[in-house]
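Engineer: The lines below spell out each chain.
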Amino acid sequence: MKKIKIEIDGNVRELQVPDSELLIETLRERFGLLGTKYSCLEGDCGVCTVLVGTKNVLSCLILTADCDGEKITTIEGLATAGQPHPLQRSFIEKGAIQCGFCTPGMILAAKSLLDKQPHPSDVEIARALDGNLCRCTGYVKIIDAVREAAGKIDK
Amino acid sequence: MNNKNNTTSPVGKSVERIDAREKAAGEAKFVFDMKLPGMLVGKMLRSPHPHAKIISIDTSKALKLDGVRAVITAEDTYKVKFGSNEYFFPYTVDQMPLESEKARYIGDEIAAVAAVDEETAEHALSLIDVKYEVLPAVFDPVSAMKPGAPQIHTAMNNIGVMLPMQFGDADKALKESDYIREDVFYLQSAAHCALEPHVSLGQYEVSTDKITLWTSTQAPFKVREALAKTLKMEAADIRVIKLNVGGGFGGKLEMFPMDFSACLLSKKSGGVPVKITCSRQEEFSFTRRKHPMIYKLKSGVKRDGTLMAVTGEVVADGGAYCSYGPTVIAAAILRIFMVYKITNFRIIGFRVYTNNPICGAIRGFGGVQSGFAVESHMDMLARGIGMDPVEFRLKNATDPNTETVNKLVISSNGLKDCIRRAAEACGWKNKFGAAKGDGDISRGIGIGIAADVMGSKMYKAHESAGSIIKVEEDGSVYLFTGAADTGQGSDTAMAQIAAQELGVAYERIRIKAADTEITPFDTGSFASRVTFISGNATKNAATDAKQQILGVVARELKLEIGVLDIRDEQVVKVSDGSALMSFDQAVGLCYSFNYGNLIIGRGSYNPKTTPVDFRTGYGNVSGSYGFEAQVAEVEVNKKTGVVKILKMYDVHDIGYPINPDSVHGQIEGSIVMGIGYTLYEDLKFAQGQVMNPSFSKYRIPRSVGIPAIESIFVETHDPQGPFGAKGMGEASLLPTAAAIANAIHDAVGVRITDLPITPQKILEALKGKESGIGHSANGIG
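Sequence order for the protein chains is A and B.
Here my numbering is used: the first residue of the first sequence is 8, the next is one more, and so on.
Here my numbering is used: the first residue of the second sequence is -9, the next is one more, and so on.
So that you can see chain A by itself, here it is in the shape it has in the complex (with noise of 0.2 Å):
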């Protein structure tokens, strides 16, 4: 068991955890975070993708215990006073989503893209994505929708 302070979605939580948790299972099973999903629990996937900092990481693969000290975001936590990320919006406006069920990852996963490269081309967006796997929408609608919100957020 391991004492740690991380931060999830605004909310400093201090908790006591067994060194073999994973955050998906503390998101999911101590803070009800439903909104992260998991597909293979192998790293294949990246359906799990949250934010560690600005850093996407998949919580299939990483130990609570090691995120001490962290700012952790989930798509819970994406929105500021109830309006959506301009990344939702763009996902919701530009037809996106069909399944839903990658869409948490992948718009974190963008997320962290634009914090770091505010005006990527097409390539450095599919690039970004190519760990987050979507079975419905062929990406398509994804980059656009990636390549909008980027437009959006400069404005």
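Calculated directly from the structure, the hints in this document are not laboratory data.
Beta carbons are placed, not taken as given, at the ideal position from N, Cα and C, and that holds for glycine.
Take the hints with a grain of salt, since some may be wrong.
[Unchecked claim] Here are the simulated DSSO-like pairs of lysine-lysine, each with C-alpha atoms no more than 27 Å apart in a straight line: (1) 460(B) with 3(B); (2) 10(A) with 123(A); (3) 78(A) with 19(B); (4) 687(B) with 62(A); (5) 331(B) with 397(B); (6) 3(B) with 43(B); (7) 159(A) with 3(B); (8) 165(B) with 43(B); (9) 51(B) with 331(B).
[Said to hold, decoys possible] Negatives, chain B to chain A, calculated, CB over 10 Å: (10) 45; (11) 178; (12) 186; (13) 429; (14) 476; (15) 691.
Starting from the known structure of chain A, fit chain B onto it as the hints suggest.
Structural biologist: Just chain B now, with coordinates in the frame of chain A:
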């Protein structure tokens, strides 16, 4: 209304999806996310052998394990078989919820446990002692059909389904042909890869003897029917509820032993809910998969390009049970008639049992496999007589308002328009056959065409769908539909159709869908049927509700009801469009002192079809048909054999798009899925064991390398479609592989006839071409 948008006349507009906000916010709930008080974890015990007699099953040790609440085997069941095509193919009902006599594939369900947590459930599985007598197994369909092969069920030569389809006089027509060729195509297996796994949460209620099952399904009513049959319960005592579904693609179209087990384990546990979730490895290994096929074709053409006869044989590896196999093999053979004018035809199809995992429905049913075979073959025929492949297809494509030789009734048909516009969009005339490329790189272009059905009867005598619309006193509109949105956007389309017909803003519609206890019946999301069939049911319900409102207005204003309509939130006079009152005022009137009329509209729709006789192939499977042409532009590296797709063009007769962005989204998703199947997706087996059951070993398309996709609509305004719309969820996947293979041939002159088209196959084919051996066509069978 608390939503500030006010989208009137929403049909034809890319309105925001009804579920997009909650999905973007991470608030959308899937069965995957569900947790009920006291919920237990369920797990399935599966056969480790591809073929084995079950001698004994001892669960006593597992039952004694601390934390185990229930263990079930076939002895706890009624031993009633279930299947998927029971209406037309009753003899293919062949699977037990839990097997007690014989295991037929690695993964056959033998027992199930419910325990307090995952570890305990896993431990309990290891304590169940099953004694097997291992039997000889057979893994390829050709060997399985030979006399003396291991007998998997009782079917002679392991042929689960045989479909001999014959029309006209193929032998005579072949003799009259100027050019005949014979080709063999090999199609591999593939996985659906929906990101939400199969998940079932069953809860038994002791006091009422009722069951509720939440399951990630495309067909809740089908699941209810199979549960009622196998649990020997009244359908009314079983409630199946679908929430958001994280993708289906045909893989969630039937009841699974895990659905059955979640319910029965809950009953055995005294009514405590039990949840069974497939791991990704289980998804790949034990759910459903695409039928591998060997597709032989021998056809003849006249020198002018007239297609004289098509003959051949299709052999499909069906795996251990039939599932939707009959429909798959039928679709693999009969789809050709929607696309090509053929009067002389003879293809025999065999869907063969093997000891491999079960094959079933996957987007397009057998259409993807036949799409590759037929559309490659047609290209080869065209080239054989020196005819342009586009011209060849235009010459032989079906026309509107025709009846095919097997009595398909085709009304609207934009196929020839699709072909012409695809050729225009890509600049076919300048690109096809032209010398191109520099150094090791060669560019090429290829075309494929396909058709969509809009429904297909499989497990019921009818394929009706129903909708109910209630308009409340405050003007809010509730739509109850049995249609099962699995992410394709059918809830949105249904809401758009309801709003358009009722004459109100899209944002007024609240939807309650796919709950067998609350919503009207619907056969499910398959065969591109929902927009067409459920859409018509919804439109009819909205018409009914509208007429009820207009009836009150007409009485109040002393007008004939026929002169009134509701448009854009206003009750109007049809003659001059003048507004008489707002929709809210009209609803207020219905609920006023003098009237007190609750507005509840109802609608159903059963498409005009005729039963298909699967002994002969005659019959009209669908109420209408959709069409498309697809072009691939590729670049082949002759040194490495790597194919790069430069651009895909898809021109699709969708009738009329209810939601254009959603339609484009279906097309883009299909094409990219098709690219994966064409170039690398390959579910591999060794002795019945799936060898690549993970996303790291089974590669699906990722965001890097997705080509530009130009998606163009041909609007034929189908006379039977709701607002002219046709279904289109599958067709864009059907011609992709052939379009790419045809483009590769155009680029480097080699013909690959076995999928996936790997760099290695291209290099081998190029080597053969240099040494004069001819093109590949090497077998995998």
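Engineer: Is residue 51(B) within 27 Å of residue 331(B), Cα to Cα?
Structural biologist: This hinted pair is violated, its Cα atoms lying about 64 Å apart.
Engineer: Taking the minimum C-beta separation from residue 186(B) to chain A, is that value above 10 Å?
Structural biologist: Label violated. Min Cβ-Cβ 5 Å, cutoff 10 Å.
Engineer: A cut-off of 10 Å on Cβ-Cβ distance, and residue 429(B) was said to be off the interface with chain A. Does that hold?
Structural biologist: holds (23 Å)
Engineer: Given the hinted pair residue 165(B) and residue 43(B), is their Cα-Cα distance within 27 Å?
Structural biologist: violated (51 Å)
Engineer: Given the proposed pairing of residue 687(B) with residue 62(A), does the C-alpha separation stay at or below 27 Å?
Structural biologist: Holds, because 26 Å separates the two Cα atoms, which is no more than 27 Å.
Engineer: Check the hint pairing residue 159(A) with residue 3(B) against an upper bound of 27 Å on the C-alpha distance.
Structural biologist: holds (23 Å)
Engineer: Taking the minimum C-beta separation from residue 691(B) to chain A, is that value above 10 Å?
Structural biologist: violated (7 Å)
Engineer: Would the pair residue 3(B) and residue 43(B) pass a check requiring their Cα atoms to be no farther apart than 27 Å?
Structural biologist: The given pair, whose Cα atoms are some 58 Å apart, is violated under the 27 Å limit.
Engineer: Do the alpha carbons of residue 10(A) and residue 123(A) lie within 27 Å of each other, as the hint requires?
Structural biologist: Distance ~31 Å between residue 10(A) and residue 123(A) Cα, so the pair is violated.
Engineer: Quick one: work out the minimum CB distance from residue 476(B) to chain A and report holds if it exceeds 10 Å, violated otherwise.
Structural biologist: violated (7 Å)
Engineer: Check the hint pairing residue 460(B) with residue 3(B) against an upper bound of 27 Å on the C-alpha distance.
Structural biologist: It holds: about 24 Å lies between the C-alpha atoms, which stays within 27 Å.
Engineer: Residue 331(B) and residue 397(B) were given as a pair; does the straight-line alpha-carbon distance stay at or below 27 Å?
Structural biologist: Holds - the C-alpha atoms of residue 397(B) and residue 331(B) are around 12 Å apart, at most 27 Å.
In this structure, the hints that do not hold are numbers 2, 6, 8, 9, 12, 14 and 15, in rising order.
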